[in-house]
Amino acid sequence: MFENIDLSLVDWSRAQFALTAIYHWLFVPLTLGLSFIIAIMESLYVKTGKEEWKRITRFWMTLFGINFAIGVATGIILEFEFGTNWSNYSWFVGDIFGAPLAIEGILAFFLESTFVAVMFFGWNKVSNKFHLISTWLVAIGANLSALWILVANGWMQNPVGMIFNPDTARNEMVSFWEVLFNDVAVIKFLHTISSGFLVASMFVLGISSWYLLQKREMILAKKSILIAGIFGLLSSLLVAYTGDNSARTLAVAQPMKFASFEALYEGKQNAGLVAIGILKKSDRKIGEKAVNDFAFRVEIPGFLSVMTKGDKNAFVPGVYDLLNGNPSQGILSITEKIERGKKARDLLVEFKAAKKNNEIQKAEGISGMFRDKKFIDNYFRYFGYAFLQKPEDAVPGVKISFYSFHFMVVLGFYFILVFAMALYFLYNGTLVVKKWFLWIALGSILLPYIAGELGWVLAEMGRQPWIIQDLMPVSAAVSNISTGSVITTFILFAILFTVLLIAEVSIMIRQIKLGPKH
Amino acid sequence: MNKFSSSINRVFRFYYDGFRNMSWWGRRVWIIILIKLFVIFLILKLFFFQDFLSGHHSSDDQKSEYVLDQLINSK
Numbered sequence: 001m002f003e004n005i006d007l008s009l010v011d012w013s014r015a016q017f018a019l020t021a022i023y024h025w026l027f028v029p030l031t032l033g034l035s036f037i038i039a040i041m042e043s044l045y046v047k048t049g050k051e052e053w054k055r056i057t058r059f060w061m062t063l064f065g066i067n068f069a070i071g072v073a074t075g076i077i078l079e080f081e082f083g084t085n086w087s088n089y090s091w092f093v094g095d096i097f098g099a100p101l102a103i104e105g106i107l108a109f110f111l112e113s114t115f116v117a118v119m120f121f122g123w124n125k126v127s128n129k130f131h132l133i134s135t136w137l138v139a140i141g142a143n144l145s146a147l148w149i150l151v152a153n154g155w156m157q158n159p160v161g162m163i164f165n166p167d168t169a170r171n172e173m174v175s176f177w178e179v180l181f182n183d184v185a186v187i188k189f190l191h192t193i194s195s196g197f198l199v200a201s202m203f204v205l206g207i208s209s210w211y212l213l214q215k216r217e218m219i220l221a222k223k224s225i226l227i228a229g230i231f232g233l234l235s236s237l238l239v240a241y242t243g244d245n246s247a248r249t250l251a252v253a254q255p256m257k258f259a260s261f262e263a264l265y266e267g268k269q270n271a272g273l274v275a276i277g278i279l280k281k282s283d284r285k286i287g288e289k290a291v292n293d294f295a296f297r298v299e300i301p302g303f304l305s306v307m308t309k310g311d312k313n314a315f316v317p318g319v320y321d322l323l324n325g326n327p328s329q330g331i332l333s334i335t336e337k338i339e340r341g342k343k344a345r346d347l348l349v350e351f352k353a354a355k356k357n358n359e360i361q362k363a364e365g366i367s368g369m370f371r372d373k374k375f376i377d378n379y380f381r382y383f384g385y386a387f388l389q390k391p392e393d394a395v396p397g398v399k400i401s402f403y404s405f406h407f408m409v410v411l412g413f414y415f416i417l418v419f420a421m422a423l424y425f426l427y428n429g430t431l432v433v434k435k436w437f438l439w440i441a442l443g444s445i446l447l448p449y450i451a452g453e454l455g456w457v458l459a460e461m462g463r464q465p466w467i468i469q470d471l472m473p474v475s476a477a478v479s480n481i482s483t484g485s486v487i488t489t490f491i492l493f494a495i496l497f498t499v500l501l502i503a504e505v506s507i508m509i510r511q512i513k514l515g516p517k518h
Numbered sequence: 001m002n003k004f005s006s007s008i009n010r011v012f013r014f015y016y017d018g019f020r021n022m023s024w025w026g027r028r029v030w031i032i033i034l035i036k037l038f039v040i041f042l043i044l045k046l047f048f049f050q051d052f053l054s055g056h057h058s059s060d061d062q063k064s065e066y067v068l069d070q071l072i073n074s075k
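Taken in order, these protein sequences are the chains called U and D.
In case it helps, our numbering puts the first sequence at residues 1 to 518.
In case it helps, our numbering puts the second sequence at residues 1 to 75.
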């Protein structure tokens, strides 16, 4: 069957999903963060009764509204793609996605039709307190909405809380709480929303800096920088903290991804963390893929071992250990995993034959095996490996994982510095005269967006070849449709999203130039 | 009943006044939202994004059978 699906279909389907996800993620983080910044500003207005805070709140609410409106429903397209381009996958995930996405849909609908309306139409029509509660509910609701999407994504990275039913060829949820509190999902949620807070904080800091450079809206700019500086500094520290936790979680759930983003080929004890590094191709190869050596690196000795297991003597497996196996560390080779995956698949073949021959008892016996913990742990958990042609197919692109991760981390530390400096200059009263810093802040608006996108590139490219970790490779998930139709919709999406982005940026720039009076 | 219809009326007036008194940017983004929803649901969904399995199989049993075949017949 899959031999009939050409590689270009898989690549185009992946490219289309990447395009829509990347564009969607240009709108989402600002909504997540700016909603909280507005809620904090409005809280200050309600607490102090000062009209200035109301004016500030309404100005940022306008920019929030533009972003929210342009971005709304762009995520629906991803769901369309699941059904059309990724039908095997959509069927295989069963109700695992259904529950979280349904909750997300209902939440988003109620949120958008009620509390967002109160936020924008309710000034002077509802009490200040009710308006404030609505603003907070929009912020909390938008972020909870992200939770359900990230729970679904977390399950793809670390599938838990389900049992595969061979009768329906679907995974069935057996523990909602296990899916919800999946280690990968929880940390991914916190890391993602805090990165959204950071995007919004830099957005507010950058635009406020522009006002200071223009010598207009000085009070608005300074008060906004105070809020954005504190919120941004706390968020960037939270991003660093959750990023560290995320790496620890990945070391267990996705060790190949972990080894790739550190370009660690040979596992070792007392493994160092590469702070800065440049990769070069070496003469060695894994299959047809060139192995990357370091042309240059600055390493923090022992830190990778400490980061993963809290002990500098801990062994961190490298790509070779995970590929070839390392019995002394209890690591199976990919060849062994392929064999185990094939045994699980052979059992499915037997199940189908038994059903066809009306051997009900045999079919029920096989079906029962897929519910047996021992079989799941030893065989079914490697089901996806049966699809791999050769062991090296399990190795993701090391170069893209390494650079995405390290650029993201460098940017993360840069953000901490920028917010700390903004607060320091504001505190000692020199911010207005530090024009170089105001230009840096203005120029930094796009950087958290880039960091966020790099994070997603790392998360999704680093886990290749899997669409569901260890259970289903991307090549097995795709629908057998024409490549031409995927290319057509790819172009349509590229046009649609680019037009939306241009519309957003131009309306926003107009409103920013007009300022809060309008 | 009167209380209920009065509440409905108030909610209606709330939205009606809100839309009527919308600012320049509000009107612009609403136009964009409507065009976007039209493109997404009436063009993309209807003509380009039909559900693959539902389009080829009429029942869940057939869909299961098809996906099972896909899972076990791979090389």
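Please note: incorrect hints may appear among the correct ones.
Claimed, not checked - Partial list, derived from the structure: chain U residues whose beta carbon lies under 7 Å from chain D:
| # | residue |
| --- | --- |
| 1 | Asn-88 |
| 2 | Ala-169 |
| 3 | Met-173 |
| 4 | Leu-348 |
Unchecked claim - Simulated restraints, written as ranges between beta carbons of each label pair:
| # | chain 1 | residue 1 | chain 2 | residue 2 | range |
| --- | --- | --- | --- | --- | --- |
| 5 | D | Asn-21 | U | Thr-48 | 35 to 41 Å |
| 6 | U | Asp-346 | D | Val-39 | 23 to 29 Å |
| 7 | D | Tyr-15 | U | Gly-515 | 44 to 50 Å |
Just so you know, the hints here were simulated from the structure itself, not pulled from any lab data.
Quantities reported herein were computed from a predicted structural model and do not represent experimental measurements.
Ideal Cβ positions, reconstructed from N, Cα and C, are used throughout, including at glycine.
Structure-based check of each hint:
| no. | hint | result |
| --- | --- | --- |
| 1 | Asn-88 | holds (5 Å) |
| 2 | Ala-169 | holds (4 Å) |
| 3 | Met-173 | violated (17 Å) |
| 4 | Leu-348 | holds (5 Å) |
| 5 | D:Asn-21 x U:Thr-48: 35 to 41 Å | violated (27 Å) |
| 6 | U:Asp-346 x D:Val-39: 23 to 29 Å | violated (47 Å) |
| 7 | D:Tyr-15 x U:Gly-515: 44 to 50 Å | violated (28 Å) |
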